[in-house]
Amino acid sequence: MKKLMAFSVGAAMVAFTALANAGSVQMTAPTGAVVLTVNGNIHNTNTEGAAVFDMAMLKALPATTFSTTTIWTEGVGQFTGVQLSDLIKAVAAEGFTLKATAINDYTIEIPMSDAIDGGPILAYEIDGKEMSVRKKGPLWIVYPYDLDNRYQSETIYSRSIWQLSSIEVQQ
Amino acid sequence: MAPARSTTQNSQTGRSRWVSGPGFQALTASAAVILLLLSYFALQVRDELKSLESSPRDNLHWTLSQLEVDLLIFIAQGDEAIKRGAVSLPRLRQRFDTFYSRVDTLVNGDFLRSLPQNSKIRGSVTEIITKLDDTIPIIDGVDEDLIASLPVILDDYRSMQPLVRMISLEGVNLFAKLSDNSRKAFSLLIVQTAIVGAILIAALAASFYLLFRQYRISIRKSDEIVVANDRLKHAIDASLDPIIVTDDRLRIVEYNPAAARVFGVTREQAISNKFMDLLLADDLTSGERGAIVDQLLAEDAGDAARFETRAVKADGTRFQIEISVGTTAGGIGPIHIAYIRDISQRIEADNAIIAARDKALAADKAKSDFLTVMSHEMRTPLNGVMGVLQILQDTELSADQRHLISLAENSGKILLRHVNDVLDSARIEAGTLHFSKEILDLPALVQEIVDLNAPEAARKGTTLETRFDLCTKTRLAGDPVRIKQVLLNLIGNAIKFCEAGRIEVTASELQQSDTHSLVQFCVSDDGVGIAPENQLRIFDDFVTLDSSFRRPVMGTGLGLGITRRLTEAMGGTIKLNSSPGHGSRFTVELPLCIEAAPGPFTAVANDKRPAAVMEGRAFDVLVVEDNETNRLIVSRMLTAQGCRVSESASGEDSVNLAIEQHFDLILMDVSMPGMDGTEACAAIRNSSGKSAGAPIVGLTAHTGFMDKEVQTAAGFDDCLVKPLRRSQLVNILQLYASGRGAQALGPLGNAEKTGGSEDDLVDTEIFGELIDILPSETLSERIDMFARELETGMVDFAANVTAGKRRAAAEIAHRLLGTASFLGASPLEHMLREIETAAQVESTKDLLARCVAIEQTSPQTVSSLRRLICST
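Line by line, the protein sequences are chains A and B. Each step along the first sequence adds one to the number in our numbering, with nothing skipped, and position 141 is 141. Each step along the second sequence adds one to the number in our numbering, with nothing skipped, and position 436 is 1436.
These aren't lab readings, by the way, just hints derived from the structure by calculation. Take these hints with a grain of salt, some might be off.
Distance ranges between label pairs, derived from CB positions [what the hints assert, rightly or not]: (1) Ala60(A) <-> Gln1094(B): 20 to 30 Å; (2) Val1045(B) <-> Ala60(A): 46 to 56 Å; (3) Asp146(A) <-> Ile1138(B): 21 to 31 Å; (4) Ala1176(B) <-> Ala60(A): 44 to 54 Å.
Heads up, the beta-carbon is just placed ideally off N, CA and C, and yes, glycines get one too.
The whole structure should be built from the sequences, with the hints applied where relevant.
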């Protein structure tokens, strides 16, 4: 667990450094249907005060894949998506809390410290297939539950938000 | 002080250190059980904690409550779509998907899987998802159809509401139950933990109590040990003998005051020093040191645990000590306890005792030797006295004188017998008596002794009878001389104590093995008998039972003692049956060798003796001797040499025989009653009979007759002195058989001029007697000494002669000839006697020539002497 903590602190540091050096960057605009909106305290945007992503843009970001069981699905599933940390980098977010909201109006706060390398991803594929809204798609924040029993707590389960639609970066 | 005690001590201290026996085992067992229980509970608690740490489910309350919310939102959205038309449809579809997803989560999630198969929720959820799946084609279909179907769908979904509510309520119940269970499990965990804690506390308390008890025991034991140590220390300190304790490297760890006193090394100097280097003598060899180290370090050295060695004091004085060692377990490694005693005084005392004993033994031996030599020396002059008495008897005497001489002769005979007895006794004692092994003719042997005693028995009116029960087929071997001596003593004894009685001598074989035959000789008489209390005593030396006899009988009291010793020396036994007034019966049992080779009996055929001189030749000898015993002996000696012997008891008789028969040699007793030897000799020479020219050798005990001129005047060719020695007889036989004249023979017919054979250098009779008398080692020493004396003596002699010191030279020769005479080296003696005389008169050159001759003869003589000892 100490390792994990160290990682998270390290990740936060990287985030800050990126912000300090990069400054504001104008991102390309989406061409397809918007699946995610990131707003709040971010530096990279492609619309007024927010960074919006279509599926192609997300898939253009570094992809991460891992296999794990979940308490909501049957058997081991192979999840592919963008690491939360990579997304934070991509939008040059600055803050300590990510407020995630789902299509079904579910809202949960994820501490920035969770966004580490080897941590949760914004999954857009399960077992190589995109996920429909009926199957918790199109975006689902999935933690590698089987990796660490810290990821098997109710808090983490509550942060595993599916049908994710937007993230607000808060101070 | 024994190692055993230290072992006991060891086991006691071993026991005191720990709680003993069953208590300790029970404690160990319960500790193990407690440990197991604790481990079990600890595992349980750990598992529970782990399961609390991670959660198998998320917040289902939320999911269940949102199920109804999502349904209601969908229905509301549906109502709006009916009012506003197709504009609201995307929103409606999204709400359907959301609701669907919610139900799907229930269907596929862990929650439903954890419910029992017959649960109401399971059925309801399945019913809902089926309905949703049925709706999907319409939802995903074209907008117009959806709007058209919407009222029906919404009614349908409204009717689903109680079902959804029921699921929520059931969920609540379920969760209530689950959290109840989990609370119970948790409280059980708390109880378990409490129990573990309680047990731990109890175990700690028990351990504390035990430790406390052990502490008290150890305090008490250590007090006891202090007292015991104190007592032990006092005991060690009070010991008069040094006690030294070392560690395993033999460094001194304890050292008592006695040790300090004995060794002169203080305790401070001794402690931590090496025992071997500090206290043991530095002149011990490395082998001795190694052995001592081994003994000191041995766990249980057994007998070797007590040994003697040399120690050294601080001032360098070495002294003998005895060490006994014990090894025991010390605090750190084994310790070795050495109990030391200064035994130098004891060894001095021992040495003094040994010296005293040796002195006593030497004195006893000297006395015994003196007795032997004296007896031997006495016998020679005694024989002379006896000879003179015999000669005196042959002269003209009055009846009174004759009686006196007869008395003197009797006394002389008794004296001679006593001397012989003492000599025999001494010889047996000294172990110098050797037994020959000759084929025996037992009946002849016994008969000879009986015949010898017959005259004396007859004089007392006692009859002597013999009886034999012997197997004639076996040839037995033994020492005839000694067997005869035994029988002679017993028969003589019987005659002595019998007046007009009857004596029976029997010889019978009792039993036979392959190699030996047990022969029993019995001498029974009907004389005075011997009282029971004296029956054992009479076999001791110097025992005479004078008081019990009617008349005093002279004797040394050695006779039966010698008989017993001879019998025992031959491996036999002797016993006596007697009752006073009814006679005595002496029984001797002797094991005699059986000689396997068959052949005719040849009595007195000693294989040690040289072959008979006349073997295979016809050589007739006439023996003229009035004394029956003497005649018998001379005849036997001649027969043994292969001569044909004729006997004659008187002068007259002999003359007749000599006239009638040819004899190659006549042995003539000089003094005989009636016609004496001289007269008979003259008569034979003057006759013209067949033996008129035969050599006639006189037999005499009279040394006066040794004069050659006297002999020649009387017509004798030669003369032999009585008692006859075999060697002299043999010499005479050899001389006359070879046809050499009387002139060649010396006065005693001895061997000095025969030369050649090495026996001629030594008078075997004289030397033989020396062999009999003296132990061979003593004799060897004398011969060695003689050899050295001869060597240096002759060198000195020559030097003195050259220097003109003739008297000194003569003295040397005289000293040497004395020894030569003693050893029977007659030729050497003769040469030395000549050189002694010549030393005063002859030239230096001649004397030196004699020296060379003596120096040549000396080594031969010495080697002859040595050979004779070896051959005995």
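For the pair Ala1176(B) and Ala60(A), does the Cβ-Cβ distance stay inside 44 to 54 Å? 49 Å, holds
Outcome for the supplied range 46 to 56 Å, where the beta carbon pair is Val1045(B) and Ala60(A): 51 Å, holds
Return holds or violated for the Cβ distance of Ala60(A) and Gln1094(B) against the range 20 to 30 Å. Roughly 26 Å apart at Cβ, these two residues keep to the hinted range, so it holds.
Whether the CB-CB distance between Asp146(A) and Ile1138(B) falls inside 21 to 31 Å: 39 Å, violated
The structure fails hint 3 only (numbered hints given earlier).
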